[in-house]
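Engineer: Each chain, written out:
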Amino acid sequence: MKCDKFIEALGTRVKILEVTRQCEDQVTALVELNDLPEAVRFLYYDMGGYLTTMIPNDERSINKHYALYYAISMEGGKMFEGDEIAQDEKCFVTVKVLISPDSLTYPSVTPLVPACVWYEREAYDMFGLIAEGLPDKRRLVLSDDWPDNLFPLRKDAMDYRYRPDMKDHYMEPEYDFLKPEGSGIIDVPLGPLHITADEPGHFRLFCDGDTIIDADYRLFYQHRGMEKLAENRMNYDQMGYLAERVCGICGYAHAIACIEAAEKAINLEIPARAQAIRVICSEIERLHSHLLNIGLACEVTGNYNAFMHIFRIREYSMKLAELVTGGRKTYGNVVMGGLRRDITGVEIKESLRILQIIETQVDEVWDAVMDDKRQMSRWKGVGILDKQVARDFSPVGPNIRGSGIKRDTRYDHPYDFFKQIQFDVAVVEGGDVFAREMVRYMELKSSVSIIRQCFELMPQTAIIVDPTFHVKPENYALAYVEAPRGDNVHWIMQGSAQKVFRWRCRAATYNNWPSLRFQFRGNNLADAALIVCSLDPCYSCTERVTVVDIKSKKSKILTNADLKNFARTQKDSPLKDLR
Amino acid sequence: MMKLLDISKKYGEITHKYPFEPYKVSDNFRGKPAYIFDLCIGCAACGIACPSNAITVQFNDDKSKLVWEFDCGRCIFCGRCDEVCPTGAIKLSEEFELAVKFDKSALIQRGELDTQYCTTCNKPFSAKRLVKYSFECLSKANVSEKRLEEAKNYLCMCPTCKKTATVATFTSGKEMVIE
Ligand code: SF4
Ligand code: SF4
Numbered sequence: 001m002k003c004d005k006f007i008e009a010l011g012t013r014v015k016i017l018e019v020t021r022q023c024e025d026q027v028t029a030l031v032e033l034n035d036l037p038e039a040v041r042f043l044y045y046d047m048g049g050y051l052t053t054m055i056p057n058d059e060r061s062i063n064k065h066y067a068l069y070y071a072i073s074m075e076g077g078k079m080f081e082g083d084e085i086a087q088d089e090k091c092f093v094t095v096k097v098l099i100s101p102d103s104l105t106y107p108s109v110t111p112l113v114p115a116c117v118w119y120e121r122e123a124y125d126m127f128g129l130i131a132e133g134l135p136d137k138r139r140l141v142l143s144d145d146w147p148d149n150l151f152p153l154r155k156d157a158m159d160y161r162y163r164p165d166m167k168d169h170y171m172e173p174e175y176d177f178l179k180p181e182g183s184g185i186i187d188v189p190l191g192p193l194h195i196t197a198d199e200p201g202h203f204r205l206f207c208d209g210d211t212i213i214d215a216d217y218r219l220f221y222q223h224r225g226m227e228k229l230a231e232n233r234m235n236y237d238q239m240g241y242l243a244e245r246v247c248g249i250c251g252y253a254h255a256i257a258c259i260e261a262a263e264k265a266i267n268l269e270i271p272a273r274a275q276a277i278r279v280i281c282s283e284i285e286r287l288h289s290h291l292l293n294i295g296l297a298c299e300v301t302g303n304y305n306a307f308m309h310i311f312r313i314r315e316y317s318m319k320l321a322e323l324v325t326g327g328r329k330t331y332g333n334v335v336m337g338g339l340r341r342d343i344t345g346v347e348i349k350e351s352l353r354i355l356q357i358i359e360t361q362v363d364e365v366w367d368a369v370m371d372d373k374r375q376m377s378r379w380k381g382v383g384i385l386d387k388q389v390a391r392d393f394s395p396v397g398p399n400i401r402g403s404g405i406k407r408d409t410r411y412d413h414p415y416d417f418f419k420q421i422q423f424d425v426a427v428v429e430g431g432d433v434f435a436r437e438m439v440r441y442m443e444l445k446s447s448v449s450i451i452r453q454c455f456e457l458m459p460q461t462a463i464i465v466d467p468t469f470h471v472k473p474e475n476y477a478l479a480y481v482e483a484p485r486g487d488n489v490h491w492i493m494q495g496s497a498q499k500v501f502r503w504r505c506r507a508a509t510y511n512n513w514p515s516l517r518f519q520f521r522g523n524n525l526a527d528a529a530l531i532v533c534s535l536d537p538c539y540s541c542t543e544r545v546t547v548v549d550i551k552s553k554k555s556k557i558l559t560n561a562d563l564k565n566f567a568r569t570q571k572d573s574p575l576k577d578l579r
Numbered sequence: 580m581m582k583l584l585d586i587s588k589k590y591g592e593i594t595h596k597y598p599f600e601p602y603k604v605s606d607n608f609r610g611k612p613a614y615i616f617d618l619c620i621g622c623a624a625c626g627i628a629c630p631s632n633a634i635t636v637q638f639n640d641d642k643s644k645l646v647w648e649f650d651c652g653r654c655i656f657c658g659r660c661d662e663v664c665p666t667g668a669i670k671l672s673e674e675f676e677l678a679v680k681f682d683k684s685a686l687i688q689r690g691e692l693d694t695q696y697c698t699t700c701n702k703p704f705s706a707k708r709l710v711k712y713s714f715e716c717l718s719k720a721n722v723s724e725k726r727l728e729e730a731k732n733y734l735c736m737c738p739t740c741k742k743t744a745t746v747a748t749f750t751s752g753k754e755m756v757i758e
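For the protein sequence lines, the chains are L and V, in the order given. Be aware that the first sequence starts at 1, since it is given in our numbering, and climbs by one per residue. Be aware that the second sequence starts at 580, since it is given in our numbering, and climbs by one per residue.
Just so you know, the hints here were simulated from the structure itself, not pulled from any lab data. Note that the structure is a prediction, hence the values are computed from the model and not measured. A virtual CB, placed ideally from N, CA and C, is assigned to each residue, including glycine. Heads up, a few of these hints could be off.
Calculated lysine-lysine pairs in the BS3-like style (CA-CA distance at most 25 Å, straight line) [stated by the list, open to error]:
| no. | chain 1 | residue 1 | chain 2 | residue 2 |
| --- | --- | --- | --- | --- |
| 1 | L | K319 | V | K589 |
| 2 | V | K603 | L | K349 |
| 3 | V | K582 | L | K445 |
| 4 | V | K725 | L | K319 |
Some chain L residues well away from chain V (every beta-carbon gap over 10 Å; in silico) [claimed, not checked]:
| no. | residue |
| --- | --- |
| 5 | P107 |
| 6 | L112 |
| 7 | D144 |
| 8 | E172 |
| 9 | G182 |
| 10 | D187 |
| 11 | E322 |
| 12 | T330 |
| 13 | K406 |
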């Protein structure tokens, strides 16, 4: 069976206490607490794994312990040609440990596998589990004035509606940003709120002149507590719709990942036609998302003309979504066991016509953008994600494929209809903004072809299975969908009465943030917005920026216009009167 | 740069004059659910199916009416209500201009249905229309006159009285064999 090989190898390194299989390609190995770092490191580096997600869980009501699940995607290191596991052996191996509620501590894996850093910080915020040896113990998710000793995801911590009192802003503890040593370093905070951005995020850029030498950031200003909400009061019918609202762009990928996790936990196979339609809708989502990002990558550098054209084409993809799902952004058709809306013959015909338009016009505009030397010079060599950094931090999506690593969930772990579809994984060497945009362009083309193949191969079956399935308490499984930004991974442990016991939703960008710091280093301040944009985290437009010169204690507030202008023209540095 | 200008020339003007001219949405667009009061029987199927609790079906304070209420601010346009409604009283429309100015109550739509009181204990338990609808359905099914008359009695009783009455008929031996 799949995975056995890895479990066997792991057994030669550490003592495995128990092995459980969730589905054909997912197994979990329970190991001793002290063996945890070595077990994860061995699978990650020696056996060729990437960290998919880590799930802390309060299982005191089940086995009197807290549990951690490090889910590792076994696919090969992919650092050079041939460094890849055979297609039929790729799988997910989860390393599980149990932590006693008396000690609440476990040895940190981060010193050995840097990719774990955010997950282990979050485990403290949400569950109060302490990673011994974790180099960065600051808060990640909760706000700075959240009460100490209140760990919201513990089952007995609080009602899901409880909101602790906010502290007045002058009482609010200061977040401890990492600061590089040295004289003449200027600290440039961006955010936390920028009017034009979808999400708030607070970036601190440390500059020497106009060159960024390091960066730190604080996110999660928008943490909505969806996981707690779903555990407390949602059934599976409602959860899919909630998951679709995790993200304003790749929400559909979240909806399928969430529902598929629940389906996988009980091994429910959905009809082929429903699988095909899920793939079609998620590829339509990729079309509009990539067009958005390529457009913004032009806009941030001042190329409005190209931006407008790309958005003109994007409108066709929105129309396409409206045609086959009835909504431009929320497709709302996923339910457990299949789908609630079919695609008609007329719709298919019209879709094919729209796809043709998108395909030709994307080529036209891309060709013109490629021709623009000025645009190319802004994209090339900027925000480089080094291949080794990528290997260490497990980023996903166009971010890692732009660094020459062939990671794509649709290819590594084909789900749904992808088993029957032919497509090339877009991989570009270079690791700069240009490489990432190139990946997106290539994926636009492949998405069009994937949708066409689905229309062609889609069988005439029902779109939903007979809804007589029963969830099994304590069963759990991972589900993953390659969203436009990388894989969205959901993990569901089922509870009784059609409810979830634990829902862990990991959005693609979560894996992309930790390595962003390295992408900033050595770049010009004018490219900061572009670099963030090329990750496609939801575009970063810098609204109001305070600049502080640490040495002279001089400060200056930059407006959105100042910084944007500098980003576009690269002239008249707004920092020059500070020096 | 020149290439982009050529493309602009090729495609010309592509913007719509919206809102000065209407914007046409696709067929089967999932817009605001439209409610037809005259068709609604107050069965509450939509309220149970609605994932975001946008629809509630409850008695008013003095229980004289069964109130169907829809809060457009909570609706996520999923179409579950449309799917489950037995009479087609709620259907997703093509309407997407939903903003209201200052007055949030404009987002709420209500329908008040007459209450059906239990013929035995006088407790309010359902809507008159639901009872009528159930009876019509039964009449269309191939049921004998006698059974139908009996069913009519039962339909007008609240669940508790229905139970008691059934037990009573059973124990008194009056229960007929179903033909
Ligand atoms: S469309 Fe969905 S959310 Fe809106 S009222 Fe109907 S069931 Fe509720
Ligand atoms: S008749 Fe339709 S709209 Fe009225 S309560 Fe029943 S399901 Fe809802």
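Engineer: Each of the hints needs a verdict: does it hold here or not?
Structural biologist: Against the structure, the hints:
1. Note on K319/L and K589/V: the hinted pairing holds, with a Cα-Cα distance of about 21 Å set against a maximum of 25 Å.
2. Using a Cα cut-off of 25 Å, the hinted pair K603/V and K349/L holds, with the two alpha carbons roughly 19 Å apart.
3. As the CA atoms of K582/V and K445/L are separated by approximately 21 Å, the hinted pair is consistent with the 25 Å bound.
4. A distance of roughly 57 Å separates the Cα atoms of K725/V and K319/L; the hinted pair therefore is violated under the 25 Å criterion.
5. Every CB of chain V lies more than 10 Å from the CB of P107/L, the least distance being 42 Å, so the non-interface label holds.
6. With a cut of 10 Å on Cβ distances, L112/L stays outside the contact zone with chain V, its closest approach being about 43 Å.
7. With a least CB separation of 32 Å from chain V, D144/L remains clear of the 10 Å interface cut-off, as annotated.
8. No Cβ of chain V comes within 10 Å of the Cβ of E172/L; the nearest lies about 32 Å off, and the non-interface call holds.
9. Listed as outside the interface, G182/L is consistent with that label: its C-beta sits roughly 41 Å from the nearest C-beta of chain V, beyond the 10 Å cut-off.
10. At roughly 38 Å, the least C-beta separation between D187/L and chain V is larger than 10 Å, which holds for a residue marked as non-interface.
11. The Cβ of E322/L sits about 5 Å from the closest Cβ of chain V, inside the 10 Å cut-off, so the non-interface label is violated.
12. Not every CB of chain V is more than 10 Å from the CB of T330/L (nearest about 7 Å), against its label as outside the interface.
13. Listed as a non-interface residue, K406/L keeps its Cβ farther than 10 Å from every Cβ of chain V; the least gap is roughly 32 Å.
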